[in-house]
Amino acid sequence: MAVTLTVNGTTRQVDADPETPLLYVLRDHLELNGAKYGCGIGQCGACTVMVGNEAVLSCVTPVLLLEGRSITTVEGLGTLEKPGPLQQAFIEEQAAQCGYCIPGMMMRAQALLQADPAVDEAAIRAHLEPNLCRCGTHMRIIKAVMRAGELMRQKSQSGGAS
Amino acid sequence: MRVLKILAAFAILLVLGAGIFVAYAWRSAIDPVDPPAQTSFDRALVARGADLAAIGNCNVCHTAPGREPFGGGLGIQTPFGTIYSTNITPDPETGIGRWSEAAFIRSMREGVDREGRHLYPAFPYDHYTLVSDEDNRALYAFLMTRTAASSTPPENELPFPFNLRMLLAGWKALYFREGPFQPDPIRSEEWNRGNYLTEGLSHCGACHTPRNRLGAEKKDEYFAGAEVENWTVYPINGNSPAPVPWNADSLTFYLRHGWHEHHGASRGSMAPVTANLGSIPEADVKAIAVYVSDVMGRPSQERIARGEAASAAARKESEAPLTVRATSTGNRVGEAIFLSACQGCHDGRRPVPFGGLNLHLSSAVNASNAQNIINVTLFGLPAARGEPSAIMPAYRGVLNQDQLVSLLDYMRERFSDQPAWTDTRERVAATMNGEREVPIYRMDGTTQAPPETSMRTTSWP
Amino acid sequence: MTRTDAKNPTRRGVLAAGGSLAVSFSLLSRALAQEGEVQGAAPPAQPKPKLPGSLSGDPFLDAWIRIDANGDISVFTGKAELGQGVKTAILQIAAEELEVDPATIRLITADTGQTPNEGYTAGSQSIQNSGTAIRHAAAQVREILIGQAAARWQVPVDQLRAENGKVIRADGQALDYGSLVSAEILHVEAIPQSRLKPASRFRVMGKPMHRVDIPAKVTGTPIYVQDLRMPGMVHARVVRPPRPGATLTELDASAVERMPGVVAVVRNGSFLAVAAEREFQAIQAMRVLEVSARWSEGTRLPNPANFIPSLKSLPSQQGVVAERSQGDAAAAQTFQATFTRPYQIHGSIGPSCAVALLENGTTTVWSHTQGVYPDRSAISEMLKVPPEQVRVIHMEGSGCYGHNGADDAAADAALIAQAVPGRPVRLQWMREQEHVWEPFGPAMLTEVRASLDQAGKIVAWNYDLWSNTHTTRPGPAGSLIAAHSLPTPFQPPPAKLSITPSGNGDRNAVPLYAIPNMRVIWHFLPEMPLRVSALRALGAYTNVFAIESTMDELALMANTDPVEFRLRHMEDPRGRAVIEAAAADFGWSKDPLPEGRGRGFAFARYKNLAAYLAMALELEVERETGRTRIIRVTAAIDSGEVVNPDGIRNQTEGGIIQAASWTLYEAVTFEETGITSIDWSSYPIMRFGSVPERIDVRIMDRPGEPFLGTGEAAQGPTPAAIANAIRHATGKRLYDIPFRAEIVKAAIGV
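Residue numbers (our numbering), protein chains in the order written: chain A, 1 to 162; chain B, 163 to 623; chain C, 624 to 1373.
Next comes chain A alone, as it looks inside the complex (with noise of 0.2 angstroms):
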């Protein structure tokens, strides 16, 4: 049976039961690697993408619930030679030790940071409360979210002054 998704901007018509979870068809048809399956339950985050501006368990949703939907993957954010704002602010602040868990911390910190690059280091806390890493890399990964935001602001204003 056939899904229709929108990942990262491009439309793709993808073979796969729609009750399949989108972590599967990310990873297993797309072959995109950013989203994790960590526990499949919903438990830890590594699986998190962007389904329109929200952050999304892509382990526990099926894609048939995204049809024509916009869904964000890290992959989406940039790319190894042009990296985003938040990819860029998580290579200056090294934040990632084993690194599983970063794109899915990543994904949901996006969410936030699109709603509001302005917020604090206490909402930071709070929102990304649902995703685990167990490398202890908390510290810098919350750095990272508040630089991102920095960053995604300096670029509104001259994008706003041009």
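No lab work stands behind these hints: they were computed from the structure. Since this is a predicted model, take the numbers as computed values, not measurements. Any given hint could turn out to be false.
Unchecked claim - According to the in silico footprint, chain C covers these stretches of chain B (three or more CB under 8 angstroms from chain C):
| id | region |
| --- | --- |
| 1 | 205 to 217 |
| 2 | 298 to 312 |
| 3 | 562 to 570 |
In this text, a Cβ means the ideal position worked out from N, Cα and C, and glycines have one as well.
We have chain A already, so just place chains B and C on it with the hints.
What follows is chains B and C alone, placed relative to chain A:
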């Protein structure tokens, strides 16, 4: 002239009436005292007070998220406006540090503060009036030995005339019956203890009994269920929607642990209640359960049979989870969503509390409306902090209104004998657009730890 | 257990391309002994003077560094990237001594087909062993190249220098490294002494360098074994028995075989798995397979009630870890206590995964194992094939923090691959499998009795610890879950007591303080009622918790500030330096704190031979709820010569948060019928809402000193600093990890 005379007489009557009312309504101030030394309280009395405060759920209303315990400042939404809880720490300036024991007991018994002002019944003195002097002394000892917090709550946000405290005297005249509690001599000691705790400190009726237009509990609809802060509070009388009828044992277990295998996990504003009750001696919880299950009444044979059928259906699905697909419903959208997004956890394969409840056993799908399922589906069940607890992901970011309505209709049809809900779409819309504001509470952890300072949190995830 | 790799064909002549070095590895027999982590391993044969780091196992320079005619440089390490940043640090080391840009080096990590055998990537030894080897090898290679240029130009070597991949003459003439390489010149054994660059001339080392793996990790570039996709690959899932020892008694796989996408149901004895074309199909098939299988009862777990205290009554063997009697032990005051720690999990965020392919008789396994060679040995024994018919290649996985499910998943994949030859098999565990089947960090119980003299000095120290081994790693096939399930099951080898300098369950059991009379005994428990193995820091977590909690109690008895008390007993100047630095940076003082707040201090030198770390911490105990909130942490660490300061900082911050989570929240739960902590709701760990407001790490500047292992240095001091701060905040000493709210509240009362 005649008109004038009548007017004058009317005016005199009015003044006289007002005078009598004021005289009736007036309460004297009780002199402030120097805050008693913490060491002056007997430790055993303080410990008893701690248990009573947990039964009374004092921390839940008197603590704002992220603020000091018992420091007040939580906004409580009422149909008349927002009332902010007071600081009941022993801080002399902003708390109750200058309240004598007599002033404290009077506030509990009569709903009047130390200065003699009437208190709004958001402070449930219509229940607390039943508390014995002995228990009040223990509560006083407990509160006066807390850490003082210097914190003044915001002003209440009440429009005229509700901002006139004097009017509360009239409210009291209509609805308030002063205690203390009178035991029923023909009932057992345990039942009386349960009645005393349930009606008094536990103030279960404050949420579980519907209120009239003036905010008083409807005595003739005792424990008939209500809606509080946009959470549906289930009837805990003969109309309990629980498929498997409650009994004293299951209720005791549930209240102490925050979950029961036939009923699921406590959540929403019930989560702090079970968290509090988890930290107190079992005998008191059992007494409450004995009394409440008596109010629920002995289930009919028909109800028992329905409960057994529900259990059997749940058991069957847990044994062969993946074969459960076809149902009679023609709601294909709702069914597809349920099977792919919900059933994986809610098939009963893994027992409650860490597994999702099989919905054949759910009070929520049998309730009078879908609000609680709407709330948990949209906002999830946030993990307890540092303790084992149930967790449920939120679907706010992914379900649209039509999808959620289809899902709810499907659940109702598949898991309940009750007629379809009629106001689901309207509730879904109002909850999704924020018109119905839903406070989110963390889950009650499975340990016996007291609840977090405030279990209120943000949506998850 | 001592093995030779002499017959491994894949390690010969792999770089035979024109003009490049002919390669022949040193095949010196190499033991798997890794600082006490392996039971029963014999020490390596050492006929020659000891070479630095892992060069002692593989002395040929070209086992570590190769340069081809184009000047392309390859560096080989037997260590694996586990998220600890080792690739970056090794590149820094190699680039520094080779005088090249790190970006120009190709780094090959743990691969039985290509790299030296450096045993496990464990025990905070990668830089100490592999880093040291590569540093010396690189320096010696550089000198050889300079020597070649000197010969070619007929000038003395002291007129030449190496820079940016070239050897340069005083007049500016230059020769590329590639042009200086000729056959076999690097196929020489290392010498014990190298001309290492002095720290004053460092360009790369000692400076923060961005980790080379992070850009890929933040852009979704495939880098993990979980991301590996190969043509024709199938997805597999295993079905585990309800508990260890249970055998498969009945199976009706017909329903599963009919499911869409299912390629094979694999049953081999009691090993049960399914492979399908798509990953979600494999998961759905696994769920049906689960309910299609019947199992025998298996081995019941112990009764969890009072289980940890009962460790003392299990059969045990005694090992004397330390015994010293130096003078008067007349005690004025004595402190005595019992400390415990429950079973805890590694809890990788990404469940274990492996890809395996059987092709032309060789099984290749891509795994996030910590030891490609030992894993190969175990898998080949399980498959009953010679080791050269198995190749294990490391690929990154989710952080492991010790021996988690990686090796078992590799074995699972290898076994499934035998059933679908020619097709790569990607196997990943489900979350509940990871939580239940990974080997846990062992529960421990320790008893301390320590005495002070009249002057407030420690005169006697008695310490007893009860613990299983902390290592059941491969090597033998019996260490693999899959091998236990075969028709002729492999048995786990019996655990053996072994006392080594770096320790195991007894790691850090000996206080580093000056104490004249001391007796430290490991009551070794051979029986393992729950499967256990290495969890970051092994016994050091519990031992330092016990020792440093005791130090605070003794300081109280001596009426002395805890920092001062530690300094009074610390003779090692580097130990003193980190204690003083952590105290100073933290602003350690006797000033009163607000109610409910407390300060705690702790110190340890990891293994008593790796990095020194001292830590001060401030926390708040919520009196009403018993919840502990860590506010700020300041650590000072001495890792010897610094390679990547930011890497040390990252590891230390992470270690503190992870150990804080263990200490405040974590315990495996079980019933006689099985493990009940099977996911993040039943086994909670620290979430963002509970992490400290700040963590500061000072790195001591130690130019010219040997590298000291860093990755696990914070694990021991963290629980002690927390316990000491809770003691300071509440007056209550906590002895039993975890310090969950319920426990703390019960201790502090109303």
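Taking the hints in turn, this is what the structure says about them:
1. Only when three residues or more bring their CB closer than 8 angstroms to a CB of chain C does the claim for the region 205 to 217 of chain B stand; here the count is 5, and the claim holds.
2. Coverage of a stretch by a chain is defined here by at least three residues with a beta carbon nearer than 8 angstroms to that chain's beta carbons; for the region 298 to 312 of chain B and chain C the count is 4, and the condition holds.
3. Judged by the Cβ-Cβ criterion of 8 angstroms, the region 562 to 570 of chain B is not covered by chain C as claimed, because only 0 of its residues qualify and three are needed.
Hint compliance for this structure: hint 3 alone is broken.
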